[in-house]
Amino acid sequence: MVLSGVKKNDKCRIKQVMGGGYARKRLYELGLNSGAELKMVKNDFGPIIVSMSGSKLAIGRGLASHIVVERD
Amino acid sequence: MQNIALVGNPNSGKTTLFNVLTGSNQHVGNWPGVTVEKKEGSFKHKGALYNVVDLPGTYSLGAYSEDELVARDFIVKGNPDVVINVVDSTNLERNLYLTTQLLEMGANVVVALNMMDEAESKKIKISTDDLSEALGVPVVSTVAAKRKGIEELIEGTLRAMDQKPRKIVFTYGKEIDEEISKLRSLLKEESLPYPEDWTALKLLEGDQEMLSIVDGMDKVKAHLESLHSDNVDYELDIVDKRYAYVNGITKKCVVKPDEEIITTTDRIDKVLTSRLFGLPIFGLIMYLVFQLTFVVGSDFLGGYVETAIGLFGELVEGLLVSIGSPDWLISFIIEGFVGGVGAVLVFVPLIMVLYFFLAILEDTGYMARAAYIMDGVMRAVGLHGKTFISMIVGFGCNVPGIMATRTLENKKDRMIAILINPFMSCGARLPIYLVFIAAFFPDKGGLVLFIIYALGIGMALLMGKIFSKTLFIGESSHFIMELPPYRLPSPSSVVRDMWEKVWDFVKRAGTVIFAVVALLWVLSVLPMGVEPYSQESILGRIGEFISPLFAPAGFGTWQASVSLFAGIAAKEAVVAVLGMVYAGVSEGSELVTAIRGSFTTLSAVSFLVMTLLYTPCAAVIATVKKETNSYKWAAFMAIYPFVLAWVLAVLVYQIGSLMGF
Numbered sequence: 000m001v002l003s004g005v006k007k008n009d010k011c012r013i014k015q016v017m018g019g020g021y022a023r024k025r026l027y028e029l030g031l032n033s034g035a036e037l038k039m040v041k042n043d044f045g046p047i048i049v050s051m052s053g054s055k056l057a058i059g060r061g062l063a064s065h066i067v068v069e070r071d
Numbered sequence: 000m001q002n003i004a005l006v007g008n009p010n011s012g013k014t015t016l017f018n019v020l021t022g023s024n025q026h027v028g029n030w031p032g033v034t035v036e037k038k039e040g041s042f043k044h045k046g047a048l049y050n051v052v053d054l055p056g057t058y059s060l061g062a063y064s065e066d067e068l069v070a071r072d073f074i075v076k077g078n079p080d081v082v083i084n085v086v087d088s089t090n091l092e093r094n095l096y097l098t099t100q101l102l103e104m105g106a107n108v109v110v111a112l113n114m115m116d117e118a119e120s121k122k123i124k125i126s127t128d129d130l131s132e133a134l135g136v137p138v139v140s141t142v143a144a145k146r147k148g149i150e151e152l153i154e155g156t157l158r159a160m161d162q163k164p165r166k167i168v169f170t171y172g173k174e175i176d177e178e179i180s181k182l183r184s185l186l187k188e189e190s191l192p193y194p195e196d197w198t199a200l201k202l203l204e205g206d207q208e209m210l211s212i213v214d215g216m217d218k219v220k221a222h223l224e225s226l227h228s229d230n231v232d233y234e235l236d237i238v239d240k241r242y243a244y245v246n247g248i249t250k251k252c253v254v255k256p257d258e259e260i261i262t263t264t265d266r267i268d269k270v271l272t273s274r275l276f277g278l279p280i281f282g283l284i285m286y287l288v289f290q291l292t293f294v295v296g297s298d299f300l301g302g303y304v305e306t307a308i309g310l311f312g313e314l315v316e317g318l319l320v321s322i323g324s325p326d327w328l329i330s331f332i333i334e335g336f337v338g339g340v341g342a343v344l345v346f347v348p349l350i351m352v353l354y355f356f357l358a359i360l361e362d363t364g365y366m367a368r369a370a371y372i373m374d375g376v377m378r379a380v381g382l383h384g385k386t387f388i389s390m391i392v393g394f395g396c397n398v399p400g401i402m403a404t405r406t407l408e409n410k411k412d413r414m415i416a417i418l419i420n421p422f423m424s425c426g427a428r429l430p431i432y433l434v435f436i437a438a439f440f441p442d443k444g445g446l447v448l449f450i451i452y453a454l455g456i457g458m459a460l461l462m463g464k465i466f467s468k469t470l471f472i473g474e475s476s477h478f479i480m481e482l483p484p485y486r487l488p489s490p491s492s493v494v495r496d497m498w499e500k501v502w503d504f505v506k507r508a509g510t511v512i513f514a515v516v517a518l519l520w521v522l523s524v525l526p527m528g529v530e531p532y533s534q535e536s537i538l539g540r541i542g543e544f545i546s547p548l549f550a551p552a553g554f555g556t557w558q559a560s561v562s563l564f565a566g567i568a569a570k571e572a573v574v575a576v577l578g579m580v581y582a583g584v585s586e587g588s589e590l591v592t593a594i595r596g597s598f599t600t601l602s603a604v605s606f607l608v609m610t611l612l613y614t615p616c617a618a619v620i621a622t623v624k625k626e627t628n629s630y631k632w633a634a635f636m637a638i639y640p641f642v643l644a645w646v647l648a649v650l651v652y653q654i655g656s657l658m659g660f
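The listed protein sequences derive, respectively, from chains F and G. Position 16 of the first sequence, counted from 1, bears residue number 15 in numbering that gives the first Met the number 0, the numbering being contiguous throughout. Position 36 of the second sequence, counted from 1, bears residue number 35 in numbering that gives the first Met the number 0, the numbering being contiguous throughout.
Honestly, I wouldn't trust all of these hints.
Stated by the list, open to error - If we take Cβ atoms under 7 Å as the criterion, some of the chain F residues that face chain G in the derived model are: (1) N42; (2) P46; (3) L56.
Hint data in this document are derived by calculation from the structure and do not stem from the laboratory. Quick caveat, the model's predicted, so the values are computed rather than measured. We put the CB at the ideal spot given by N, CA and C, even for glycine.
Could you put together the complete structure from these sequences and hints?
So, in structure tokens, the structure goes:
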């Protein structure tokens, strides 16, 4: 499944970031690389918010739909 | 003097640490050739003076943004004696990523484990000794906001100055390591601005700057091309390896509680970013900020400044008369200097109060939420959520508004944000509205002001939409933004932040705007012997010459035309010139009466539309030139708002006339 489909409060692990270019590298450098564990904080409108090792990141919905995750 | 560089992630408390280290001994400039701000300062320790450079906050040392380029260029080429890496203790995993990049570069690093108090309250335990051992560099825990650990950090830094950095042997896995050594042997034959190891690594990462450096090196290029044709791409692998290295370290040195703690930030965010309340609360906060800005900044403090300038003017005039100065000198000093610069200084309180509140919003962490909340609205018109922050800043003055677009990483997003910023009605345009409101809508002032500001925002969004469909086609960059924890604003950093922007404005008032006002004064008294500010003066003739252009909009008088002409130099000059040409005084009830006599309600409305939207002031156009590095865009910035404003003003006047207003 993709990150934008994860429900609030659910935890997941990143399998792969699809697509390429700058956004992917930016995600990787922020620690959203394969294996990273995330918790969905908010997923209703606008960008989603995830928490990852204590910090919160807002990620645009379009980008979040390119992040393949598996649920824990 | 020895150099210390500060580097760290955004929100790691780097700027706070810089302020604590250097106190008031700092100055702000620009890095040569780029628009990134350069902060430098110094401190004294045991009689010796040390220079501190605050590098831009960055998550990585790639070459994607100017910020990153500046930071890494300084570390490699600026030869700092020590690099203090400010690290957010509550989020070591991500912060140490930057640390690994610093170590790769062979920098002499001292790690400041900042915000240790927050880590403790989150029950995160970090062993500084183990971390220091694992990274091979000194590690000092600090709480910059409470001035804790600063002495230890300084001592650790000074000790590190005398030592050579311990070279960490870094491995990216067998395959990549081999590729690095292959490239290194090819690079050995060339002359490079950077170390070979690091250049090789960056080349494998696909770093654009490195690729352009090796452009003329045939062997290196051939090798890279062969990798490319074999579909070998290590870019993300290298990032992964660095993270694996960091994770190995944090496993050894950090103990985190199993249960996640619900923080105050989480509770506040539940309300402030909620679907239902997020937008209304944001609207309310903005409304309060503007109310307070106008009431406290403009009416209350601005009134005092105005009175003070008036008194100062009388004092100077009395003095000049008493020593028998010639009339032209008195006129120049009183009307040109005191009147001109005074007209600008009246807005200092307004700008001060607005930026005071914006600095608080920034410091508490709310600004990131504002960008988040507005992203949906902005995206609907093809803009990036962060654009809204630059728009809010533009309400004070468009120059810092345009500079605030630097946080947009994508060129397209940034260009649009720059081009629409002047539609945000800046503080200097406010007195124009106030005079016309006093003349025509004395009891509907609030409503008229609201409509004017809303029209500005509406035009900005509309033009944003049009630009994103025409001039700048392509994807808007993705929204990725850290939402930092809420923090109580630190008074000193709020005041400092506000003061930097206000001082910038005052400096401009003292130079550019003064020059412009002086020039206008000269034009108004020449040729010799004419009545100053009369139709016969050069200024009056310019107004007369361009006035037919404005006739279809209902204000084709030489007076209105000349005030608009002056407004291109500086918006503050519009009311000042209207005052001079209509009433022979700068402002007040005489001007209001005179304006009521020479405008109709309809032509007043179309004039307001014109002043809101037409060509931004010279300082803004100069800023656009500087930020885009292009005369073409600066010219565009001067012309398109004028055309747009003229068309709208004419439409308002013509349609209004047909409807019988």
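* If you take the shortest Cβ to Cβ gap from N42/F to chain G, is it below 7 Å? -> Violated, because the Cβ-Cβ distance from N42/F to chain G comes to roughly 10 Å (cut-off 7 Å).
* Asked: Hint check: is the beta carbon of P46/F less than 7 Å from a beta carbon of chain G?
  -> Check passed: Cβ of P46/F comes within 5 Å of chain G, closer than 7 Å.
* **Per-residue hint verdict: L56/F, partner chain G, C-beta under 7 Å** => 6 Å, holds
Violation of the numbered hints given earlier is confined to hint 1; every other hint is satisfied by the structure.
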